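S.K.: One-letter residues, chain by chain:
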Amino acid sequence: MIFNSQTLPANDNVNSYAFCMDVRGEAFIQKGKMIAYYGALRFESVSAGAYDALVRQSFNSPLYANDFVVATGQGKLILGDRGNNIDSYDLEDGNLTVRSANVLGFEPSLVCQESTVPGYLTLLGTGKFLASSNGPVHFIEPPVRVDEDALLGWADMPSPSYRYDYGYMRGMFGMARSFVGGRSSGEEKQLDFTGQGAVLVQSSEMGLVGRSNLDDVIARTSSLQQNELHQLLSVIQQRLQNR
Amino acid sequence: MTAFRLENKRLLEVTLQNERVMARAGSMVAYDGQIKFDKSILGGEGLFGALKRRAGGEGMPLMSSSGTGRVYLAENAAEVVVIPLQQERIFIESSSLLAFDDGLRTNTVFAGLRGATSGQGLFTTTLEGYGQVAAISDGTAIQLEVSPHDPLFVDPDAFIGYKGDVRQEFVFDVNWKTFVGQSSGESYQLKFTGQGVVYIQPSERR
Amino acid sequence: MPEYSLINDKMLSVRIRNEEVFARRGSMIAYTGHVEFAPSSSGSEGMQGTAMRSVTGERMTLMSARGTGEVLYAFYGMHVTMISLRGETFFAESGSLLAYDGRLRSGTVFLGNQGMGGLIRGAATGSGMFTTTLEGSGELAIVSDGDAIALDVTSDRPIFADPQAYVGHRGNLRSDLVTDVGWKTFVGQSSGESYQLKFTGQGTVYIQAAERGGNR
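Chains as they are written, first to last, in my numbering: chain Y, 1 to 243; chain E, 1 to 206; chain G, 1 to 216.
Next up, chain Y with everything else stripped away, as it sits in the complex:
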């Protein structure tokens, strides 16, 4: 199948891993995810000021301002994300929270805000947005416990809390394996979802780690005292040694 600007789908998947946006006006897209386009399109930085009114209305996430751009004009725009699956979501006066690195684009009719859970963005209102995932997305109704690494997001629900599996941790101690500085796996620590709504799970977050998590951590260090920064430094060194 050979596509051209007429035959490419409008606001639909080209295949499981590529999505074609029919841009007429403006759309927010994640930087670096455009793979090709037909037509007259321009790309402007969110922070550049050219679309101040639009950004003020729809982009309420200063931490991620460098991760998104505004696509303007008329044309067919194809997005891809390292061969990961891409799906579009239609919100009708709803809210969906998604791992920020996986938010590929959204219509300006939606409002994009930072979630209270670090590394996640919440999309509110009515409109379409795009998210990538490692493998197809699986929807689960709560109550459910999810490994943080496989969590893509959640809809119409309160934020999750952590739950530790003490049986598993005891077993690990019994085997004389050290936890110190080590990464905890999904078997000993999960995110616990309760209430009404849906949880979105993917097969792995590996390969999807964007800069946003790092930016988030760096931004939070600005409020630390000197002795706290030293403490942080020693933790980082310990982590590095344990890698």
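In short, the hints are calculated from the structure, not lab data. Computed from a prediction, not measured in an experiment: that's the story for all the values here. Mixed in with the good hints there might be a few duds.
Here are the simulated lysine-lysine pairs, DSS-like style, with alpha carbons at most 30 angstroms apart [said to hold, decoys possible]:
no., chain 1, residue 1, chain 2, residue 2
1, G, LYS198, E, LYS36
2, E, LYS39, E, LYS163
3, E, LYS9, E, LYS39
4, E, LYS39, G, LYS198
5, E, LYS163, E, LYS9
6, E, LYS163, E, LYS191
7, G, LYS198, E, LYS163
8, E, LYS36, E, LYS9
Examples of chain E residues lying across from chain Y (beta carbon under 10 angstroms, computed) [what the hints assert, rightly or not]:
no., residue
9, LEU144
10, GLY194
11, VAL198
12, PRO202
In this text, a Cβ means the ideal position worked out from N, Cα and C, and glycines have one as well.
Starting from the known structure of chain Y, arrange chains E and G on it as the hints suggest.
M.R.: Here is chains E and G on its own, set in the frame of chain Y:
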């Protein structure tokens, strides 16, 4: 002509009957029958070929498999796309090349300058003749038509190759740089005009 | 009996009712119901297999899930294949095994059958040719980089496989390590030792479309 068949989306099966196929070195995962393996290098023959290889930094190591049997080729679980050539020429990014018929002529051509300041040249591999080419694509490859009234713009990281009467230009755009971001570092986009087909992958090159 | 089903090509669901299932550590991505997890070094295998692993330094890191509910498993976005056994033995490259339960007995064998010399070499190069065996009647799940590819082996057509692409096999097959054709040495792969796995007999070999330790 050797028989190229997709055993599944990510595995190419080439059946040889006293024939030879050229493949990216290290891409073979299994074989049966009586097959002999030899070393080769991509990028044109002779002294001129060698000079161009050096200039272009190309010269991907290849493996030639000859004999009778089946060889199975794959690369990093990328999807495979088989492109038949009928007395045509394909321009292909050498890092996307998986295998090709021994009967095709290969060459390296100068594609343009990467940047006015760096002056670094860009070279592309060409394959010409009658036969088959297998390319790898991270995710399912997409074929996009270029026609005189419908030019196409492509991220260099997603570009696999093109065939037809197509002109390739490098477009330098300040906004593009902002847009593509720090990860890629490419400050240009590819613009295709003319009449033909461009192959892209839904991914940045690894 | 634990119920295995594929949610999609990269996600496995196992439903248990007061039962236990073994899976690769770190592969649980979500669960519902009342399920407890515990690390397990050996699954349902005997002492001999455990001893053999400690000799070779190869640890198959398992965990058990016990209780009543649904557990979802996935491993770094790798493809999942379900395999049903009816009184047979499945050989799985240790890193390829995702999940199984007590209906199958597990063990360890060295692939290549080259005696102590081959065993030591396999251990020294870390080539991981110690293979987990699962025997009995029941389901198991394996993971592969890209979908697993089943290649038939018949008595007149032996097959050669790259050890880095080998996932597992079943049937009446003999395996040998072959070093005569250096398909890797001359291309300068960093993988080191250049040998192939040769399978002869009647059965099925599963391979993946990538080499372990690639850049993914």
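S.K.: Name the hints, by number, that the structure is in violation of.
M.R.: Violated hints (numbers, rising): 7, 10; every other hint is consistent with the structure.
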